[in-house]
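Visitor: Put the two chains together into one complex; each comes in its own frame, and the hints tell you how they fit.
This is what each chain is made of:
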Amino acid sequence: MSWRRNHWMGALILLAACAAIAAWTLGDGTPARVAAGIALALLIPCAAASRLPDFRDDDVTGSRLAASVGLAVASMILLGLFLTVTNLGLTTRGAAVGALLIAIGLALAGRRASEPIPLPRWSPLGLALTAIAASIVVLAFAVARHDALESAQRGTSYAAFVLQDGERLELGLRNTTEHRAQFSVHFSDEATDRRRVVSVGRDGLRLVPTPRADAAGPMKIRVTVRADGKPTGPPMTLSVAPFS
Amino acid sequence: MYDQAVGGTEGLDMRRSGETAEPAPSRWASIPLVPSVGVFLALMVLAQAVAGIASRDLDPWADTVYWLSVNGMVLVVAAVQLFGSPKPRERLALVIALALALYSVKLLAYPIGFTYFDELSHTQTAFDIFRSGHLFDYNSLQPVSPYYPGLELVTATLARLSGLSLFASGALIIGVGRIMLGAALYALFVEASGSQRVAGVGAVVYMANPSFLYFDAGFSYESLALPLAVAALAMTVRWMRLPPSLQSRRLLGYTAVVVAALVVTHHLTSYLFAGLAFGLCACVILAWGWGDASRKPPWQIAVFAAVAATAWFVGVASITFPYLHDVLQPAITGVGNVITGGESARSAFSEAPTKATASPFWLKTTAFASVLLVVACLPFGAALAWRRRTNPAALLLGAIAVAYLPIQALRLTGAGVETANRSSEFVFLGIGFVVALFLVHLLEHRSLPTIELGRFRPRIPLPGGSVMRIGLPVAALASIAILFTGGVTVFWPPYARLPGPYLVGGDVRSVTPKGLAAVHWMRTNLGPENRVLTDRTTGQLAGAFGYQYNVEGYVDQYSVARVFVTPTLDPVDRKILRRKRVEYLIVDTRLTTELPARGWYFAANEINENTYKRPIALRSLTKFTHLPGVSVVYDDGTIQIYDIRGLDLS
Chain D
1 MSWRRNHWMG
11 ALILLAACAA
21 IAAWTLGDGT
31 PARVAAGIAL
41 ALLIPCAAAS
51 RLPDFRDDDV
61 TGSRLAASVG
71 LAVASMILLG
81 LFLTVTNLGL
91 TTRGAAVGAL
101 LIAIGLALAG
111 RRASEPIPLP
121 RWSPLGLALT
131 AIAASIVVLA
141 FAVARHDALE
151 SAQRGTSYAA
161 FVLQDGERLE
171 LGLRNTTEHR
181 AQFSVHFSDE
191 ATDRRRVVSV
201 GRDGLRLVPT
211 PRADAAGPMK
221 IRVTVRADGK
231 PTGPPMTLSV
241 APFS
Chain V
1001 MYDQAVGGTE
1011 GLDMRRSGET
1021 AEPAPSRWAS
1031 IPLVPSVGVF
1041 LALMVLAQAV
1051 AGIASRDLDP
1061 WADTVYWLSV
1071 NGMVLVVAAV
1081 QLFGSPKPRE
1091 RLALVIALAL
1101 ALYSVKLLAY
1111 PIGFTYFDEL
1121 SHTQTAFDIF
1131 RSGHLFDYNS
1141 LQPVSPYYPG
1151 LELVTATLAR
1161 LSGLSLFASG
1171 ALIIGVGRIM
1181 LGAALYALFV
1191 EASGSQRVAG
1201 VGAVVYMANP
1211 SFLYFDAGFS
1221 YESLALPLAV
1231 AALAMTVRWM
1241 RLPPSLQSRR
1251 LLGYTAVVVA
1261 ALVVTHHLTS
1271 YLFAGLAFGL
1281 CACVILAWGW
1291 GDASRKPPWQ
1301 IAVFAAVAAT
1311 AWFVGVASIT
1321 FPYLHDVLQP
1331 AITGVGNVIT
1341 GGESARSAFS
1351 EAPTKATASP
1361 FWLKTTAFAS
1371 VLLVVACLPF
1381 GAALAWRRRT
1391 NPAALLLGAI
1401 AVAYLPIQAL
1411 RLTGAGVETA
1421 NRSSEFVFLG
1431 IGFVVALFLV
1441 HLLEHRSLPT
1451 IELGRFRPRI
1461 PLPGGSVMRI
1471 GLPVAALASI
1481 AILFTGGVTV
1491 FWPPYARLPG
1501 PYLVGGDVRS
1511 VTPKGLAAVH
1521 WMRTNLGPEN
1531 RVLTDRTTGQ
1541 LAGAFGYQYN
1551 VEGYVDQYSV
1561 ARVFVTPTLD
1571 PVDRKILRRK
1581 RVEYLIVDTR
1591 LTTELPARGW
1601 YFAANEINEN
1611 TYKRPIALRS
1621 LTKFTHLPGV
1631 SVVYDDGTIQ
1641 IYDIRGLDLS
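Chains D and V supply the protein sequences, listed in that same order. Quick note, the first sequence lines up with residues 1 to 244 if you use our numbering. Quick note, the second sequence lines up with residues 1001 to 1650 if you use our numbering.
What the hints contain is simulated information worked out from the structure, not anything from laboratory work. Predicted model, so just to flag it, every value in this text is computed and none were measured.
When the alpha-carbon atoms are kept at most 20 Å apart in a straight line, the in silico EDC-like pairs for lysine to aspartate or glutamate are as follows:
hint, chain 1, residue 1, chain 2, residue 2
1, V, Lys1087, D, Asp59
2, V, Lys1364, V, Asp1063
3, V, Lys1087, D, Asp57
4, V, Lys1364, V, Glu1418
5, V, Lys1623, V, Glu1583
6, V, Lys1514, D, Glu150
7, D, Lys220, D, Glu190
8, V, Lys1514, D, Asp203
9, V, Lys1623, V, Glu1594
10, V, Lys1580, V, Asp1556
11, V, Lys1575, V, Asp1556
12, V, Lys1575, V, Glu1552
13, V, Lys1514, D, Glu178
Next up, chain V with everything else stripped away, as it sits in the complex (with noise of 0.2 Å):
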């Protein structure tokens, strides 16, 4: 049955033996193959070592190495499952080499703690569970984290059971998660194509999405998330292939369980994955139609996914709701108006105010051409995915692909570039599908694929000869090297790659031991829940390490950032400070000596946002010393907690 499901002519015997288009095995062949590989990919993550700590000591050939150890871990991979002839075993392995590999980037570059912004959110909720043994204690860093727990429990449960600290536990759980994705999306494009080589090279091209190396590496509920979403889909792949039976109705219950703790794991994914079921059911109808018993759409495991989640949204996590329309809703909307005319299309790279936040020329050229290259390539990809278009995964996937295209529009607007940039680990499963199909196309048969457009079937030649035998393999090698290297330089500004010293407003680079002193200070001496107010980076480290309430927002029209750069208490300000009952102030002076590196000092949206023409005034933010009833009760020299619990707000 499968065998007629799959369309075409690269079908099932292959999944089973390897490639029989691929070369014969070279002289090589007696050395492992894996185990070399490793070889070098360690080499690799010790060059990443290496390059974190000459970035410390701000040396200048820090980013070289940076660039040429992540390139080559990806490239050499790439090469082996394109130009190769692995096991599928093989294959497999060496996917999750490169899966880990990759994540031992950003666990290398801060290997003592967790220090990105999500990550300090998440933080704050795994001891809140690691503490009472509950759920829901609230999270003034992100409030909806602790109703979508599913990383922090796991985390919590491998803590409380080995005796490792949440850092490290958490850091292993995202491991494993890495191990899980990358045998599910190796498996879900085999299911899709029949092809072990297609599957390695998908995976691979899937690992240069713009949120693989660092956001999805992060501990973070999406990071867990994702690679039980793909487990689930390829689970479901794999269930719509059995005749009904007592184990096909095991492994619809197995995936059950994987969709219950996807769905308390992270609301988005489990949404994007309901929809990815449904979406699966309209291609199996369109694949095989109706009438065939045998061949089952998914409908139980769809509607299973939409009905835990929407109970899981109106029993547990209304709190939801307001959440993601505070991020999607301006997106959305900036799209709206840069359509109609009533806001200009924000330029690339533009939120660049300092010298660390610029990315250099070649990588913007580089970020460019990744989309361009994708654009490129897509075409050709979803032709060759809608020839097995009796293959409900692949037209899955194709379909996935083609969502690439109004994605992009979101980079218009502000508010759409990050809602872009996160879709990406969802899109790029059907880019590394697509890509990864025109790739071996290309490689096999030495010409571009035919695009059926009706009766109009334009063949665009290639030249042949020996240009062609050499430069094709290595056009593909480059190609895979700018989706990658664009796709890190679209998300991910050049200082918060690799570590380095204090960086004002640069989140990952604003956290300090002076900062994580001051908070466990706090915590030690005033106690847990105090309501704080201080900038952005402060502020994750006192809800994560001090458990002080962050007060974030608005008062009226304000934003409670005013109180830190009028140059004097006024009346709104001592407002504000009153209607969110502050007591503490954390007023770190390092903000007066650059412009913040991300373009706000204290919260996005705060006043002044991405429009400082020059540093904060330190008379500004050190107003208060002098007010009476406060007083200055922590110093180290660029630090000062400030008690206003005396001062008259009236």
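Extracted from the complex, chain D is given alone in its bound form (with noise of 0.2 Å):
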């Protein structure tokens, strides 16, 4: 099989042009966004940087793949450099054009093979263990993930914070775990010296507020935590400074 060079060059300005389109397009998150960014940043420019007769001519191994990464990775530098420092901005209009000139600079700047390019022969046993390989690193990554997760949910679990408005003074009361948890706080000063508790479901917030926010000397808070009826967790002690 073989393609001429207005094949490839087609096809790549064709597919670098819908790239920048879903890149402008799409939203966050969707597969063809990611797709279409990656094709155009990454795949598109090194692809056709290896069309690069000076690429394409090189016998030495390993060469052509090095000199085609490099210059669609610098390519990619320089078009950010040339965003940022202009007042352009790296947007995400200017980054999709930028990417789309390069691509099809380099795709024009390609050239026609002279002889039929071999593509890459596989046989069935071979395409069936690249998979296997490739089903078991992306088996290795979202077990990986998984636990990583897990193990950074467990990380957290409650915390307790002031927050000040103005003369207005909340305190926030936050429950990262996956149960229900009782916070029993504690607000004195030289006036007051009252106790209240409060619930905070799981993975919640509450803000309560305190009461009274201009004393003269500083009000200390005092939070312990009770989940399914156990303490739990080192008392939070806050303290605010009267307002001068």
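Guide: Spelled out as structure tokens, the structure:
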């Protein structure tokens, strides 16, 4: 199977244009947007650069790959530099148009193959083994990611904090565990000594107004937590300096 | 022309058609080689994931699985390169597969975000570029980082185009850099040796350098600059072979584009590339002489690299000078002091104040053995490189390899260790080449190469017989395992290799969800760019994810860390807080539970660095609680955020 210059050049430019439109218009997080972005920023420039005559004539194994990936990445760096130092800024639109122009430039500079380019031949066994390898790697990352996320979830628990908005003062209570928790709050200062129990649902946040916000002396807030009827976690102590 | 230039008999034919000297295809030839090895590598990657999970649970077998699987990756590819007869493309594919498999070791350890110390600094620069769309926002974690934004630019561009997170985009870019590096290394070694086997083995040996497994896999400017530099070097060597023509001028232009990107990506790598390009010019003159106009030193590329790096340094990034001065000057001064007797030499693995930091005996021995092995191979490999002295690339790589010896002197001082470790990624360009030359020679000729010392040519015979037929291959593989294991051990303490529970002063192991939650809270509720004083890791998190200004350095001769270790807030502490205009303190009381794994809690050169006998006192850390004018605005039971804007600092 062989491809001639016009086919490849046209295909690359068409792909780049489609990818640019997709990157520009599709929302974050959609698989098509991810694919379009990776293609436009990396795959298409690499493929186009590998067709440059100065790279494709290279008979040293690895040289063509290194040079084409190097040129594609370097082009993206310089594109980013151009966008960020000018008034354009690094926006999605600017990046898409810039990457499209790079892809078109490299595709146009590519040349007609003097000989048919042999595409890599894959045996069914080779394909099957490659698919198995890829699946194992995906499994490894899925397992590692799941465990890391679980570990992170276990690592957070409770927090107490004060939020001040002018003279208004609120106490925030956060519960990032999987269980409902009872926060026992003890406010104390020269004039006040109040206790309050606040229930916060799993992975929840409650804001509690403080008894008063303009004391002459500092106010201390001590918070302890119970989950499933048992005390849990170390006590948390906040203090608020008097307003000046 | 190139055939003459290569010198010796191992020439170009082998470059094009594979190794003529290699064994005939075996009965296993029908099984596709690369996919088969790929499955094995994938299983080793899965084993790494399992080791990471076990390490989080403190299972004792995690370390064993880690070392077995990581060495398994290296050894299977090394064995195929050394003893197999794959086609050149297959050799290249295996090199790239190994580079990616080794990259996965770091990714699998921390698969949900950047956590290594340097990564956090560059994360802040990437966030700044992504948010503002422009360059040169101040980065308090690493002020030089915004002035070399190549990695962050391409990451932010990819994130903009794909909608991926900066973490995913950055990880992808570093992975692409790995492919580039693998291909460029292979091409460079083929150019220098004329042998596909040497190229394959050399690329594997290169990956045994101490930086490769973790440091060069991190989201740090050097991780992308290195592949760009090696790719540019391979392109330069290729350009030297071309006769003057339009094609040659175009290749020069493409190389200039890569060098320009390199210049804005990393300071030291761009300077070293310029140095290597000039070195290549000298090698061309040495190898080919001045006379032949068709044999051209790459002056244009060397001069362009030097001018571009200088222009960027002078015009944009003059901050680089004090930064590099602070890193290199103590290392050089320290070596001088050791030589003149003004300072005692540092003993290896001396910075191990805790059990988590201390490497087991077998690993320490392997680390020493890896250095000795390189030193032992060096004369023979250099002699083989010298035989190819009509090839400038071989001369250059041989010269780089010889630099290994003086660089080891930096290990004699505490300040020089990091410089020695980080220079390995460059020095191993030469070491990979000469060690590969040596190993391949040993296996093909079953004799040690002759070292030419003028008329004196000592021959060191090896015993023959079946013992050597089996022993030599085993020894070659064992050498590569020792080089790799020792290289990792030299640079990375045990706690930094695999994930696990929180560790005091343990950089990557000190990054926890509690710290992240605290800095996120700070960003959301207190806003960005508050001046924050805290410990080393929390400071990195506050800068990278909390967008805060991390206060560091000295006031007069006092480290800012003094504020946390004095039993009471004395006038000097108040002066530090006043002069540094500190607004918030973040105190992690977990620091009081252990000695710091790295030897310091707050910053290198803090008071008591590496001399702590007991953990920092809780009373010292929390002395701010009862001071008038101080509010504790956040507490999760271990981390407190103090608002000290109301504190009287006079």
